[in-house]
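For the record, the sequence lines run as chains A and B.
All residue numbers for the first sequence refer to my numbering, where the first residue is 1 and numbers rise by one.
All residue numbers for the second sequence refer to my numbering, where the first residue is 1 and numbers rise by one.
Hints in this document: simulated from the structure, not taken from any laboratory.
A hint or two may mislead.
What the hints assert, rightly or not - Below 30 angstroms or equal to it, Euclidean Cα-Cα: the simulated BS3-like pairs (lysine-lysine) are:
hint, chain 1, residue 1, chain 2, residue 2
1, A, K59, B, K205
2, B, K28, B, K15
3, A, K59, B, K28
4, B, K15, B, K66
What you are looking at is a predicted structure, and each value in this text was computed from that prediction instead of being measured.
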Amino acid sequence: MSPVTTSLAAIFNLNHSAHVVEWHFIQLSVANLVVIALMFVVFFAALLLPFPGAQNRRKGRS
Amino acid sequence: MSATETPPQSSWTVKLRERAVEALPPEKLLPDGQPTYVASWIYIFGVASIAALVCLIASGSILALKGPAWWHYTSVGHFFNSIHLWSVEIFFFVMVVHLWGKYWMAAWRGGRTRVWITGAVTFLVAVPCALTGYVSQQNFDAQWISTQAKDGLNSVGVGAFFNVTNFGQMYSYHVLLLPLAVVALVASHVLLVRRHGVVPPIDLKSRITPAPAAAAAGAAGRQGAPADTQPASGARS
Numbered sequence: 001m002s003p004v005t006t007s008l009a010a011i012f013n014l015n016h017s018a019h020v021v022e023w024h025f026i027q028l029s030v031a032n033l034v035v036i037a038l039m040f041v042v043f044f045a046a047l048l049l050p051f052p053g054a055q056n057r058r059k060g061r062s
Numbered sequence: 001m002s003a004t005e006t007p008p009q010s011s012w013t014v015k016l017r018e019r020a021v022e023a024l025p026p027e028k029l030l031p032d033g034q035p036t037y038v039a040s041w042i043y044i045f046g047v048a049s050i051a052a053l054v055c056l057i058a059s060g061s062i063l064a065l066k067g068p069a070w071w072h073y074t075s076v077g078h079f080f081n082s083i084h085l086w087s088v089e090i091f092f093f094v095m096v097v098h099l100w101g102k103y104w105m106a107a108w109r110g111g112r113t114r115v116w117i118t119g120a121v122t123f124l125v126a127v128p129c130a131l132t133g134y135v136s137q138q139n140f141d142a143q144w145i146s147t148q149a150k151d152g153l154n155s156v157g158v159g160a161f162f163n164v165t166n167f168g169q170m171y172s173y174h175v176l177l178l179p180l181a182v183v184a185l186v187a188s189h190v191l192l193v194r195r196h197g198v199v200p201p202i203d204l205k206s207r208i209t210p211a212p213a214a215a216a217a218g219a220a221g222r223q224g225a226p227a228d229t230q231p232a233s234g235a236r237s
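Whole structure, please, built from the sequences with the hints as guidance.
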C-alpha cells in the first residue's frame, strides 16, 4: 500500500476489533463514548459562546 | 364563473384554503425576521438537522440509483457512500444536541405540545430508518448488525413482522417507508414551529425575583399565564 493511500485511509489504525468500556451491564465502545463526549462539548459551547451580532441585535431592539 | 364571483362556501377547497391561511398566514409561514433571543448558537441545531437530512436524502437517492455494486466497488461510489454515512452521523449528532437544548428550555411551553411531540416522534422514527440502512449495506457489517438486531427484535416478539435479515424488506423500509415518515414529520414539525413561533428562553429573573406588578397580581390571584407560557409575540430585531 502506498504512503498516500495509507495516509488517506484513516488517522488511526482501525484494523482491529473495537475497544469497549464495561461497567456492570453497560457496555459502550470507546468510539461511541467519544461521540457522546463531543456532543456534550458542542452543547455547552453552544450555550456559552457568543453568537456573532447578538449584542447588536439586542441593542437595536432596546 | 367570472373572476369577481364569490366562490361557493360549500367547496372543500375553499374551506381548506381558508383554514390553511388562518392557521399559517404567509407572513408567519415565511417570516422575514426572528425574535432577538434566536441569536444564540443553541438555536442552530434544528436547521442543522434539516441540512443533514437534505444531504442524506440527496446522497441516498444517488446510491439508490446506482446500486450496491457501485457503492462497494467504485471510488465515486465509496465517496457517496461516505457522504451518506457521515450525513447520518451528523444528523443524529445535531438532532441529539437540538433535543437536549429544547428539553432544558422546556420547549413544550406556550401551546407547543405538538411541536415537541412531532420532534420526539421524528427522533424515534429516525432510529429504525438508520438501522434499516445499516442492515441494507450488502456487506459483512450488515450481516453482523442484522443478526444482532434479529435477536433483539425476536426478544420483544416482533421478529415475524420485521425480518432484519431480509434485504428486500429492509431496503424498502429504508428507501421509502421510513424516510417518507421522517420527512412528513419534519415538515409538520417545521410548520408547527412557524405557527407557534420559536420557543423563548425561560425568564429566570422574573421567576427568582418577581417584579412588583407581578407580585401584586399574584397576591390578588393569578389573572393570566406567565409570559413564557404564551406563544412568541414575534418581537423582531
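We went through each hint and held it up to the structure:
no. : hint              : verdict
1   : K59(A) to K205(B) : 19 angstroms, holds
2   : K28(B) to K15(B)  : 20 angstroms, holds
3   : K59(A) to K28(B)  : 25 angstroms, holds
4   : K15(B) to K66(B)  : 44 angstroms, violated
Checked against the numbered hints above, the structure violates only hint 4.
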